[in-house]
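Undergrad: Using the sequences plus the hints, can you model the full thing?
Quick note, the sequences are listed as chains Y and U, same order.
Letter by letter, the first sequence follows residues 175 to 497 of our numbering.
Letter by letter, the second sequence follows residues 112 to 369 of our numbering.
Because the hints were derived from the structure by calculation, they are not lab data.
Any given hint could turn out to be false.
The calculated lysine to any residue pairs, modelled on SDA-like cross-linking and capped at a C-alpha distance of 25 Å, are [stated by the list, open to error]:
(1) Lys492(Y) <-> Glu207(U)
(2) Lys492(Y) <-> Arg247(U)
(3) Lys492(Y) <-> Ala200(U)
(4) Lys492(Y) <-> Glu197(U)
(5) Lys492(Y) <-> Glu245(U)
(6) Lys492(Y) <-> Gly389(Y)
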Amino acid sequence: MSPLRWCALMLALFVAALLAIGIGTINIPPSALFDALRGSGSGLTETVVRTLRVPRVVLAMLVGAGLGMSGAALQGTMRNPLAEPYLLGVSGGAAVGAVVATMLGLGAVLLPVAAFVGALVAVAAAFSVAHVAGGRGDARVLLMAGVVVGAFANAAIMVVLANAESNTIRDALWWMMGSVADATWPQIGIMGLYLLVGGGALVALGPRVDVLALGEEAAAGLGLDVDAAMRWIFVIASLVAAATVAAAGLVGFVGLVVPHIVRAGGARRHREVLVGSALVGATLVVVSDLLARMLRPPAELPVGAVTALIGVPFFLTKLRRLA
Amino acid sequence: MIRLEDVVVRYPRAASAAVTGVSFVAARGAVTAVVGPNGSGKSTLVGALIGRVRIAAGRVCVDDVDTSDMARDALARRIAVVTQREELAFPLLVSEYVALGRFPHLGIWRAAGETDRRAIIDATQMTAVTSLAERRVDSLSGGEWQRVRFARALAQGGDAIVLDEPTAFLDIAHEMLVFELLHRLARGGQAVLLVSHQLNLVARFADQMVLLDRGRVAASGAPAEVMQAEVLERVYGWPLVVTRDPAVGAPALVPLRR
Numbered sequence: 175m176s177p178l179r180w181c182a183l184m185l186a187l188f189v190a191a192l193l194a195i196g197i198g199t200i201n202i203p204p205s206a207l208f209d210a211l212r213g214s215g216s217g218l219t220e221t222v223v224r225t226l227r228v229p230r231v232v233l234a235m236l237v238g239a240g241l242g243m244s245g246a247a248l249q250g251t252m253r254n255p256l257a258e259p260y261l262l263g264v265s266g267g268a269a270v271g272a273v274v275a276t277m278l279g280l281g282a283v284l285l286p287v288a289a290f291v292g293a294l295v296a297v298a299a300a301f302s303v304a305h306v307a308g309g310r311g312d313a314r315v316l317l318m319a320g321v322v323v324g325a326f327a328n329a330a331i332m333v334v335l336a337n338a339e340s341n342t343i344r345d346a347l348w349w350m351m352g353s354v355a356d357a358t359w360p361q362i363g364i365m366g367l368y369l370l371v372g373g374g375a376l377v378a379l380g381p382r383v384d385v386l387a388l389g390e391e392a393a394a395g396l397g398l399d400v401d402a403a404m405r406w407i408f409v410i411a412s413l414v415a416a417a418t419v420a421a422a423g424l425v426g427f428v429g430l431v432v433p434h435i436v437r438a439g440g441a442r443r444h445r446e447v448l449v450g451s452a453l454v455g456a457t458l459v460v461v462s463d464l465l466a467r468m469l470r471p472p473a474e475l476p477v478g479a480v481t482a483l484i485g486v487p488f489f490l491t492k493l494r495r496l497a
Numbered sequence: 112m113i114r115l116e117d118v119v120v121r122y123p124r125a126a127s128a129a130v131t132g133v134s135f136v137a138a139r140g141a142v143t144a145v146v147g148p149n150g151s152g153k154s155t156l157v158g159a160l161i162g163r164v165r166i167a168a169g170r171v172c173v174d175d176v177d178t179s180d181m182a183r184d185a186l187a188r189r190i191a192v193v194t195q196r197e198e199l200a201f202p203l204l205v206s207e208y209v210a211l212g213r214f215p216h217l218g219i220w221r222a223a224g225e226t227d228r229r230a231i232i233d234a235t236q237m238t239a240v241t242s243l244a245e246r247r248v249d250s251l252s253g254g255e256w257q258r259v260r261f262a263r264a265l266a267q268g269g270d271a272i273v274l275d276e277p278t279a280f281l282d283i284a285h286e287m288l289v290f291e292l293l294h295r296l297a298r299g300g301q302a303v304l305l306v307s308h309q310l311n312l313v314a315r316f317a318d319q320m321v322l323l324d325r326g327r328v329a330a331s332g333a334p335a336e337v338m339q340a341e342v343l344e345r346v347y348g349w350p351l352v353v354t355r356d357p358a359v360g361a362p363a364l365v366p367l368r369r
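TA: Laid out in structure tokens, this is it:
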């Protein structure tokens, strides 16, 4: 990708973040916005900016970046343009964890932990299903195992929710639709750490993803330990995705559509695709969250629904080009 | 030099071994061709060479070092493999694709250096793909794509190259270009080991042939020794005659009507 495009991507994210911090129930003009960010603004503006909007925007960036990178790594590794973290059981497992936590009345603090654990259990289950099926290191078997685990998780959620109280159902559903509204700094810290370590590892492994994208035989011929490389990338991408789910619930379509946007922009090697997906994913979720707040004020739409609404038209144009 | 010693490969849950007691040497400076009917174990041998298929007994050596004692990347620095088919999930530029041949030489943090650039330039020149560098690999014709794949294998910089059916899907001219290139590589000092169904071309270009039949070596040696009607007829299960090609003087097989 050309340096000009990289600059455009960074500028887009910067502008999106400023707009998202400035626009809302209380609109903050640019001058007041910079004052508030520096800590020299008026009381109310500064409170809104520093305790509500900034954490929210930062979390949206981290979640978008994480999902974008996770999707990019999985698509390359599995050689499948439809691969994304949610397809591999991460979302299903996290949702089961969240629903169970809601049913048990574990509260807002433990819900993300339960979702994270659920996601990891689902990924581990997908791995063991693939292993039992004898498809160790076969991307297709792993993908199908993920789909099976996801379907099982969905069934489990329906069984659990069938006899639940309406409040529980509403809470669980709301969580499943994704939101960055209740962002807190500790939450941001944890998510940031996951993104820094996991995302950094994925970027480091980028050339391995390039080689895996050639196919398993060609990758083996180039001296790559295919099974080990696949396992590592799968685990790291799942961890990053699970962390986003724990922080913001299910934000659909980002992991799927963002890498395609970045590839359409001219990125081909996976180090580029991964970094580009982090930038575009962050921008997409920030913009989606802004739209989620603006479209029907004072009510807020779930951010996961908005990302899907934006992502679907893009995907359709891509399909048209393929057909 | 690649040496196979009594190699046995057994697939899990298979009734019999896919390859039994196969031994031969692919020497440097020579083209060695493995031929045989479908399912005779040719591709299994290639899988065993790159470590995708586990060897149950016997060993594969590169210059007297057992490949099972070699790290995968060390092996890839010695032997390059062009597999039967390869389709990129996400297209690269030809230059980016050929540069992946240097993967076994680079660590996670080591960027490509002068040696790598030199190897890539040499490989693209030898395969005449320099002018394609900025094209996307999904825009290439079948013949161009095959040459680009060779370029990537040569960029690996080893002294042996293994090719599984390198001329499948190619027309006569491109087929000849491939065989002439392989011949040139061997004369340049590489050990060229190829799996092929093109018996007549192999008989012209190879220095040594290995005929496989149901996982065992049915015949091996110079083309004239292997291209014997009785053996080939038995192995392929089809009536045929072997004549001498009047134009080039090489043994030539003609399958008959039944």
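Undergrad: Are the hints correct? Go through all of them and say.
TA: Cross-check of the supplied hints:
Note on lysine 492(Y) and glutamate 207(U): the hinted pairing holds, with a Cα-Cα distance of about 24 Å set against a maximum of 25 Å. Among the hinted pairs, lysine 492(Y) with arginine 247(U) is consistent with the structure: their alpha-carbon atoms are about 18 Å apart, no more than 25 Å. A threshold of 25 Å between alpha carbons decides the hint, and for lysine 492(Y) with alanine 200(U) the separation of about 16 Å falls inside it, so the pair holds. Note on lysine 492(Y) and glutamate 197(U): the hinted pairing holds, with a Cα-Cα distance of about 24 Å set against a maximum of 25 Å.
The suggested pairing of lysine 492(Y) with glutamate 245(U) holds, with an alpha-carbon distance near 23 Å, which does not exceed 25 Å. Distance check on the hinted pair: lysine 492(Y) and glycine 389(Y) sit about 24 Å apart at the alpha-carbon level, within 25 Å; holds.
Hint violations for this structure: none, all hints satisfied.
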